[in-house]
Structure formats: C-alpha cells, structure tokens
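K.L.:
Chains as they are written, first to last, in this note's numbering: chain H, 60 to 471; chain C, 19 to 308.
Check each hint, because a few of them may be wrong.
Stated by the list, open to error - Residues from chain H that keep clear of chain C, each with C-beta distances beyond 12 Å, as calculated:
1. A278
2. L339
3. D370
4. N373
Unchecked claim - Calculated cross-link-like contacts (lysine-lysine; reagent style DSS-like; alpha-carbon spacing at most 30 Å):
5. H:K341 <-> C:K150
6. H:K466 <-> C:K150
7. C:K150 <-> H:K236
8. H:K429 <-> H:K333
9. H:K156 <-> H:K401
10. H:K466 <-> H:K369
11. H:K333 <-> H:K369
Note that these hints are calculated values from the structure, not bench results.
The C-beta atom is built at its ideal place from N, Cα and C for all residues, glycine as well.
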Amino acid sequence: MTESKFYSTTRRNLLMAGASGLIGSGLPMPAVLRAQTSALKVGVILPLSGVLSFPGIATQRGTDLAVRMFGDEGVKLEVSYADTESKPENGRLAAEKLIRDGATILIGAWDSGATISAAQAAEAAKVPLVVNVGSAPQITEQGFTQLFRNFPPSSEIVAKGVALFKDLPRGNGFDPKSAVVLHVNDTFGQATGGAVKAVFEKLGLGINILDVISYDARARDLSIEVAKAKATGADLVLPITRVNDAILIVREMIKQDYNPMAIYGPSSPGPYEKAFTDALGKFADEYMTSVPWYDPTTEIAKKVLARWAKDQPNDRFELNSGFGWESIQVVADAFTRAKSTKSEDLHAALKATNIKDHPMAGGPIAFDAKGQNTNIAIPLLQNQKGAPVVIAPAAAAGAKVKLPMTKWADRA
Amino acid sequence: MIELYAGVAINGLMIGAVYALVATGLNLIFGVMRVVNFAHGEIVVGGMYIGYGAWALLGLPTSVSVALAAIVMFGFGYCFQRLIGNQFANRPQHAQFVLYISLALIITGGLAMAFGPDPRSIQSAASFSVYKIGSLRVDATRLQAALSAAGVILALWLWLRFSLTGKALQAASQNIIGGRAIGIRIDHVFAIATGIGFACAGIAGALIAPLYDTTPYLSADFTLIAFIIVIVGGLASLPGAMLGGLIIGLVEGLAAILFDPSAKSLLSYGLLIAILLFRPMGLLGKRRAL
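Next comes chain H alone, as it looks inside the complex (with noise of 0.2 Å):
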C-alpha cells in the first residue's frame, strides 16, 4: 500500500471523520460538512512492487500527472493507491481495503487476474471499477455490471495487429514462412497466446505455427524455452511477454544466437518501455510490438506529453502511463457530469460517456452494453534508436519498417 498524502491526519480529515459518523448515525450532515465531500475520494489498484512494478508504476505515473493536471481545471480527486504486490489474489483484497476507507469509485488494475479479482469486489460494494490496463477478453464477459474498460481485450489487439503485421511488405530476406509463440502462462498470456494462434489461422498468413511453448511467470531463467523455440527453426518469434521476460527472451537468443527474421509480440506489453530498452540497448532495436498507442498528432496528447516532458523528464509516456491518464480523464468526466461523489450516481454517468479528445489514438471514449470502449485503435510499433515507434498503419506512421531483423552479432 502506497500511502498517499490524503492519509496524514488533518484537521480536515479529522472533520470528514466525524462527518462518516455523523452519517452513519443517522443525523442530517450539516452544510459546512457537505461542502467537504466536494472531492471525489478514487481508489487506485496497481502492481507498484513485485514482476510487474515496471508498468505498474509506469501507470501511477500517468495517473498522477492526470490529477495533477485535472485539479488545475479545478476537478477535486483524492487518489489512494492499494498495490497489489504483482499478485492476482491481491486485486480483491486492494479493492475491498479502498471501498472501506471511502473510496466510491475504483480504477485498476493493471493485471487481468487481480482486475478480475477486483471487479468482484466492486460488483459485491456495487463501486464502478475503471478498468486502466487490463487485455483478458473474459473481463467484460463475466456479466460485471460495475465494470467500464478504456482498454481493447487481447483478442481485439491481436487481429487489429496482426492485420497491419500481414501487409508489411515482403523481400529483401523477409518472408517468413513458420513461427512459433513464446508465452507466459498467466491469465493475460495464456489468453492472448491463444488468440494469436487462432488470428495467424483465420486471416490466413501462410505463415504456420509450429508450437507453443508456455512458461512460468515467475521464472528466472527462460534458456530452455528459447532453445525450444530455436530448434523449431521458425522464421518469427512471437513472443506474449511483460517487460522482464521480454529481457530474458531477447538475452537467451543472444547467447544461443537465434536469429529469426522478426520478433513480434502482439499485444504484448513490454518491449516499448524503457526498462527494456535501457536493459537491452541496440539489442531492443528491431523488435515489434502492436498495443494501444498515443496520437502525437492530437491536441490534448501535444499538451499531455508536454506536461509529462516537463514534470517526468527521464521517463517515458508510452501504454501505460497513457491510459493511466485517460482513467483519471474518464473518472473525471463522470464526476464533472454526475455533480455527485455517490457511486450509483458515477455509474449511471459513466454509462454515458462520450470522450472525444484524449490522448491514446482511436475515436471517442465510450462503452457498450459490456462495459467495452470499442474504439481504440491498434498501430504497429518497431523499437528503433532505443525508442518505439508507429510503423503502420501508414497514416499515422512515424518511420518506416526495418526487416528482416538485424543478425545480433552484426550490430555495432
């Protein structure tokens, strides 16, 4: 649990406590208690310690540079973080802990399994959960009626991407013909290994599968995995990673010398962040990714990144921290509409929301009948000179593509 500057005792704190049980007894809240409620009290559930600290922190960077920016609009969030410690059983447990210290709107959490783990709490209290990260496509099929995730399912992201993968162009050494799927066995990697088999079959490739090999989240050493994956001889790595996984991958095929002609990890976090590439320096170049982007091009992601360049210089705003701020952006818009810190109120706001200008690419923000904003678009990213960038689609492109992979031992 991060504590956040909201829990120190104040003389304020103090008067809300009172408050609480001044309502809890039943009495009528007088006018100068009521006025102290003005601020939306949201609960954050984030792995901020343990394998996925990286991206988890990487959020909670995106997310407080939201409230720092929406509170200059004058929009009042107090944001508590409960860390889930990278374990799945935890999102439950974080939930719960927030609804009870007052919390009547959730975001999180950033893992698929605690983020299922959580919506069952936030169905139970009946608190709207903002799902910020999250690519299990079971999310939204669960029936969760409090649930609203600005964040496309693993399948979705999978096809978008692979269809832009299908019309890179061929030659010039590339054109693979085999692949296999290198995935962790989680409730994200064993979801999204499945879809990308599935979607390599149904758009028809012409590129086969020759296996898929699974391993253990918390595994420290992925040398087997990787001669497995280089004795099959497959053209294409596709490997379904977080971000210290991805190191380990790309360092064995190093050492073993394991050469395909691209590494393409659909929807697979990771590879753009920057402990990736810090880690792994030209060794990161080359490898692709396809996952949610931000739209440079926009207005609001022209100041978003403008406000990141200045409060967090020596870090990157990539995935993470991106719809780290759209979550606060989305909770913010219920608030600001909803005029109420209640949580049915937030929920029947949320129903109706309607963002045009945010700073991930794709059109408005908004969610179906499932809870499901349906219009987040899907690019193509390469990390090239320590950095990603779009490559496809060609209208929002940044740089143009670079295949066949360079052969590791040719890079200066």
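Model the placement of chain C on the given structure of chain H, informed by the hints.
P.N.:
Using the frame of chain H, we list chain C on its own:
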C-alpha cells in the same frame, strides 16, 4: 535436435553444479549438528544481494563479490551459531525449526526493507558472452559459475578430509560426547560448521546473481531445491550433494524439453518421492559420512 538436447543437458549440469553448492551448505550443517537450516535459501538470497551490491556500488567483478560473500556469510554464520544457535543445540527439534524459520523471516523482511521488492539485475557485456564448442554455444557466465561452485565443493571436501579442523568436524558429526572427551571444542566446531554452511550458500548466491534477477522472495525456491538435492544425493554426503545437484539440474532441463517447461519442478518432486520410497538414505547417503 541433438544440439538442442546437448545444449539443454550442459545448461542443466551447469546450473545443477551451482545448486549443488547451495545443497552442500545445508548438508554440512545437518551432517555436523543434525539441524535443518530452514533459512538456507535466505542466505543464498543474501549472497545474491552482496553480488549485486558489489557490482552496482563498486563495480566489482563476480570473483571479488564471491570472496566478499564468503567472508560476510561465514562471519554471520559463525556469530549466529555462537550467540544463538548453540543455545538451541540440545533443545527439541520443533524449537530448532522455529529458530531457523524465524531467522528466515527476519532475513527476508530485512532484505525487503533494505532493497525493496523489485528485481535487480547485473547488466554487463559479459551477460551476453558465450563459449563456442563446435555448434554448441555455452553460456560463459553460467560455465564460470558452475566451475567455481564445483571448485568450492572440491576444496571443501579436501579440507574436511585432510585438515585438523575438518577432522574435528567429522568427529563431532560422528559422536559429540566422544568429541568432547578428546578435547574438541564442540561449540566452536558447530560455529565453524554453520559459518562454512552459510558461506557456501553466500558464495552460491554471489555466483547466481549475474544469472538471475535478485529479489527478496526467491529464497523458498532455493531452500526447496536444496532439500530435494540433499535427499536425492544423500543426507550428510558431500559427493551426494554434488551428484544430486547435477541430476536435478539435468532432470529439470530435459523435462522442459521432453514434456513442457512447466513440468520442470514436477519431475524433480517425482524423483524425490521415488528416492524416498526406494532409497530413503539417498543415492550416496550412508550414516554419518561427510
């Protein structure tokens, strides 16, 4: 395909040699004092942090951090045994269990407070270096770790066989009362044994640090693997620990290839149950032999 199996087998043997060093420390402490050190994995993780810290803060190579880990952990083990462990030497086993489990929790909590829960990795150009043997590519860092671990085990075995203190440790392991009668300072010998056991774990940790990311919560894995190796190889047998380590490393590697990477641990535990059923003293185990 042969290349794949050979590569995985070599990899498994190399990591098995490092595991063997972890198990050697556990085995030595048990052999001399008949005490099960449940904090053994935590000592390994402590060694990993020494390796990481020596690299991150001082830029020291693994060879120096190994020596540092050996000295620090020997000192810690010796002092712990003299000050606390010896007070529990004649107490019931459950009291000893509680002592070592408490030590484990204190170390893990201390490391989490000091370093936080996030993974810490040693990043250097050496991380990518390999030795080429024909078409095989052998991870240089892993090979150096394996050879160092094997060297430490061999040196320890020779020391136990031929040095006066080593013989005193053997005498204490065979008959404590007899040892006292011929003038062996049992308290000192126990402290030496704990110091060496902790030093083995610390050295193994410093050797593992360049291979795996370091976090405070890795310890349970190391303690479990050390137990499996000790039981497979033979209680209180140093050659048994070496053999057990190599077998477990090999089995885990081949299981991942033949079945599924998730089957690695499954086969290790299967082997453990088989050994307990058919050769409970372990492959090279015999009563009171170091």
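K.L.:
Output the indices of the hints that this structure fails to meet, ascending.
P.N.:
1, 2, 8 and 10
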